[in-house]
Every structure is written in C-alpha cells, then in structure tokens.
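Asks: Sequence:
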Amino acid sequence: MGAKVGFAASARQFFLGGEATSKEERKLVRKLDFFILVRNLYFFNFLDRSAFANAYVAGLRESLNMSGHDYNNVLSLTTAGMAIGQLPNGIIIQRVKPRIWLPSMVVFWAAMTMLSAAVTNVTQLLVIRFFLGLAEASTYSGAMYIIGAWYKPEEIQKRTALFGVSGQIGTMFAGVMMTAIHKGMRGMAGLQGWQWVFIIDGIITLPIAVFGFLYFPDTPENTNASYLSESERKLALSRVPRIAEGGHNIMPMSLLKRVFLTPMFWILFFWSPVCASTEGFPFQNSFLLWLKYYNDKFSQTQINTYPLGVQAVGILANMVAAWYMDATGQRVPMAIACVILQIVVGSMLLVKNLSMGATMFAFYLAGSAYMVNPLIFGWANIILQRTGDDALRSITLYCMNIGSMSMWTFWGIIFYSAADARTGRRALLLFSVAAVLCFATCGSLFTKTMKKHGDGMGDNTEEPLEVAEDEKKPDTPVVTEKQTST
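Using UniProt numbering, read the sequence shown as starting at 1 and increasing by one per residue.
Don't take each hint at face value.
With a cut-off of at most 25 Å between alpha-carbon atoms, the simulated DSS-like pairs for lysine-lysine come out as follows [what the hints assert, rightly or not]:
no.	residue 1	residue 2
1	K352	K257
2	K31	K183
3	K23	K297
4	K31	K352
5	K97	K183
6	K27	K183
7	K23	K97
8	K152	K23
9	K297	K352
10	K352	K27
11	K183	K352
12	K152	K234
The calculated label-pair distances, taken between Cβ atoms and stated as ranges, are [stated by the list, open to error]:
no.	residue 1	residue 2	range
13	M188	S226	26 to 32 Å
14	A189	F270	22 to 28 Å
15	G329	A180	42 to 48 Å
16	G68	Y215	44 to 50 Å
17	Q302	I203	51 to 57 Å
18	L206	K297	36 to 42 Å
19	S22	A180	44 to 50 Å
20	F34	V122	30 to 36 Å
21	T21	S104	32 to 38 Å
Because the hints were derived from the structure by calculation, they are not lab data.
Keep in mind it's a predicted model, so treat the numbers as computed, not measured.
Where is the CB? At the ideal position from N, CA and C, for every residue including glycine.
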C-alpha cells in the first residue's frame, strides 16, 4: 500500500508540479489557475499571427499584389512594433493595474486585427500590423510577470508551458478556421475569405478582454479579486518571495542602476534571442511556405492543415519539458535535448535532394523547439523572483522579449525569406551551439544568485509592503541581501 501511495504522490508531483501543502492552498491554486490562465490565454494572440500566414497563401497575396520580401516585411514590422512596445509595457505595468492595462491592449489589438480586413495595399497593411505589434507587446512578458507574481518556483514552468501551449492551439485552430472560411465564407457580403478571417479573429478576441477587466486578480500585493478571501490573499503572499523595500521603484536613476548593474539581466537579455532562434522554422511558418511554393501536389486544404502537426509536436515537447523541470528541478537535460533535436532538424534540411517524407518529418520535428519557452522564461522568473525586486523582474522579462523580437525583425528577411523557403539551415545550427554556451553561463550565475539570496522566502505572512513613499526618492537603495532576508 505504501508503494502505491508513493507512486501516486510522485505521479501527482510530475504532472501538476509541487504539491500544495494544505487543502486551503490547493483551493487557492485552483482559483489562480482558472482566473489567471484563462485571462492569459495566448490562443488569441497566436490565432491572429497564424491567420496572417494562412491568409497570405489563400488570397491575401494576390489581392494586394504582394511579392518578393513583402510577406517577411509585414512579419518584421509587426515584430518591430512588439520590440518597441516591450520596455514601455514593462514600466507601465508597475504603475497601472494589470487588470486594466493588459485587457485594454487586447481591445486595441482586436481592433487592429479587424481593421486589417480593410487594407487595399501593402503599405496600409504594414502600418496596421506595426500598431498591432505595439499592443501585442504587452501579452507574453506581461503573462510571465503575473505568473511569477503568484506561483511558487516549482509551479512556474508548467504554467509557463500551458500559456505557450494555448498559443500553439491558436495556431492549429487558425489553420482549421482558415480552411473552413476559405470554403464557406468566400464572397459573403462581398468580402473575400482572408478578410473574414481578420474580422472573426477580432470579434472572438474581445470576450477575453471583458473577462480580464472583470476577474483578473492583479498581483498578490494589491488584489481586490472578489473570489479571494482575506485569508487566501495572505496565503498567496506567503507562498512567494516577498517584495523587498524599493522593489517597485521605477524612478529612472534607481531603475537604470539596478538593471544595468545586474549581471543576470545581461545574461538573460542575450540568452533569450539565442535560444529563441531555434524556433525559426515553426515561427516563420516555413513548412507552410514550403508546401505552397515547392510542391504542386497539395490542395489548399492540405497546405493549411498539414502544418498543424508542427504545433502538435510543440505542445507535446512543451508540456513534457515543463513537467520534467518542475518535478525534478533539473533544466540542463531539457536544454541539451532541445539543442540536439534542432541540430538534427538543421542537418536533415541541409541534405540536398532529401525525400519529401524526410523533409516533412524534419519540419514536424522542428516543433520540438517550442520547449525552450518554459526553459527560458520559466527559469528567468524563478531566478528573478528570488531577488525581491519586482520592477527589475518586470523590466528583465520584457527586455528578454526585446532581444528576441529584435532578432526576428531581420531574421526572417535574411534567413527565412518567403522568396526562398529553403534558406537558413546553417544559421539554425550556429545558434543552437551558441545556446549551449549561453545556457552554461546562465547556470553559473543562477548558482551565484542562490548563494546570495537563498530561497528568498522568509516570513511572508505580513501585510503587503508599502512602497509608494520609497518610490518618490530618486536614490532608493538597490535591493540588498539584507532586504530580502527576514
């Protein structure tokens, strides 16, 4: 009997992360999972991104007379908007409640999505997608910030993976939806199928914004969520490292000093784009473009639906990696696995005259690169959570995305041009090797952070810290070891 109980407990820990210590905590975590993860669904963000790629191969290209690098230019300008919007969002979220700011950005990007249906030339599309990128900049790192504010270290990576998986499901749904619209709605009300995709995308995104305005819990320090009792709010505070004195300070000189003099900021800033580069093939929808331009044996339905397998592989890789890391606390094996798999993908696609079946297998295997998401941002959240400097954590998470988005701004044009869908294999190999070196450096600094800050917990059962007065002082001291201990 004892063996059975032990196995059940181990299985629960593997699939659900660290087991809550009490009935009250389990109830709290269930509430957090529902109200945070539902609002943070990446589904709608990726639904829009993937719908653009599907629309391109199903009529948008011909309607706007797009040619050459136009496809990549639209993606790059959208990404540029996302890169430019990262830092302002990281600062604003320290001043404006996430319950207000994040849903507001959802409303804005939903409006931009619907407006995309009205474009008549590439220039208009470029402008609209740039502003859409500015709004979408709030999404990923904002979600990572909220996850790091509420969850314990052993819970973070699985929730990070679930957030990423919702985006991949959005990508899969986009292919199915595009196929249905292409068949059934083309010509309705005088609009083409690709126009209906943008309109429907925007409409179905709005309810999640309304849900956020009404039910998003903000952070443990300032939550007014009606579904959390006073005891649950105190319990939520006690579960995570306390915010140190001055930890919300965003006065320019203080914030610049804390950010630029923190070695971990620079490591994570450069590590993020290096690791994200392994996602090149699925991120740039290279498989879809290959099906469209390099083979005349596929129907439009097949072109839209075959790439869904890439996302299915990504979902599996995402969850297996997150469950393993949360259950064991070991991240190196998953980093090594990710790198090896992408080297295999790149090596296969470098082979001349590779068979169609082998090429498709390589593209599907490339979906395993999505496992870097819980690895990159999950681990960064754990590292930064321990410092007690909430503003530093927010800025670092958003700046990590700046690095990635800056890379994607030119990456697609140089290595994954729509005019040459078989470019970029050597770049993938190079960046996979670089990821190994950067991962080793990050691991070393993580060890130093642990020695300096410990687990960062202490006694967190007191009331949330009042930081408003401290933030008025431009010389608020940097978070110190003393401030994070109790």
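Asks: Hint by hint, say whether it matches the structure.
Replies: Hints and how they fare:
{"no.": "1", "hint": "K352 - K257", "in the structure": "violated (51 Å)"}
{"no.": "2", "hint": "K31 - K183", "in the structure": "violated (40 Å)"}
{"no.": "3", "hint": "K23 - K297", "in the structure": "violated (57 Å)"}
{"no.": "4", "hint": "K31 - K352", "in the structure": "violated (53 Å)"}
{"no.": "5", "hint": "K97 - K183", "in the structure": "violated (43 Å)"}
{"no.": "6", "hint": "K27 - K183", "in the structure": "violated (45 Å)"}
{"no.": "7", "hint": "K23 - K97", "in the structure": "violated (29 Å)"}
{"no.": "8", "hint": "K152 - K23", "in the structure": "holds (16 Å)"}
{"no.": "9", "hint": "K297 - K352", "in the structure": "holds (20 Å)"}
{"no.": "10", "hint": "K352 - K27", "in the structure": "violated (56 Å)"}
{"no.": "11", "hint": "K183 - K352", "in the structure": "violated (36 Å)"}
{"no.": "12", "hint": "K152 - K234", "in the structure": "holds (14 Å)"}
{"no.": "13", "hint": "M188 - S226: 26 to 32 Å", "in the structure": "violated (42 Å)"}
{"no.": "14", "hint": "A189 - F270: 22 to 28 Å", "in the structure": "violated (49 Å)"}
{"no.": "15", "hint": "G329 - A180: 42 to 48 Å", "in the structure": "holds (44 Å)"}
{"no.": "16", "hint": "G68 - Y215: 44 to 50 Å", "in the structure": "holds (46 Å)"}
{"no.": "17", "hint": "Q302 - I203: 51 to 57 Å", "in the structure": "violated (28 Å)"}
{"no.": "18", "hint": "L206 - K297: 36 to 42 Å", "in the structure": "holds (40 Å)"}
{"no.": "19", "hint": "S22 - A180: 44 to 50 Å", "in the structure": "holds (47 Å)"}
{"no.": "20", "hint": "F34 - V122: 30 to 36 Å", "in the structure": "violated (42 Å)"}
{"no.": "21", "hint": "T21 - S104: 32 to 38 Å", "in the structure": "holds (37 Å)"}
Violated hints, in rising order: 1, 2, 3, 4, 5, 6, 7, 10, 11, 13, 14, 17 and 20; the structure is consistent with all others.
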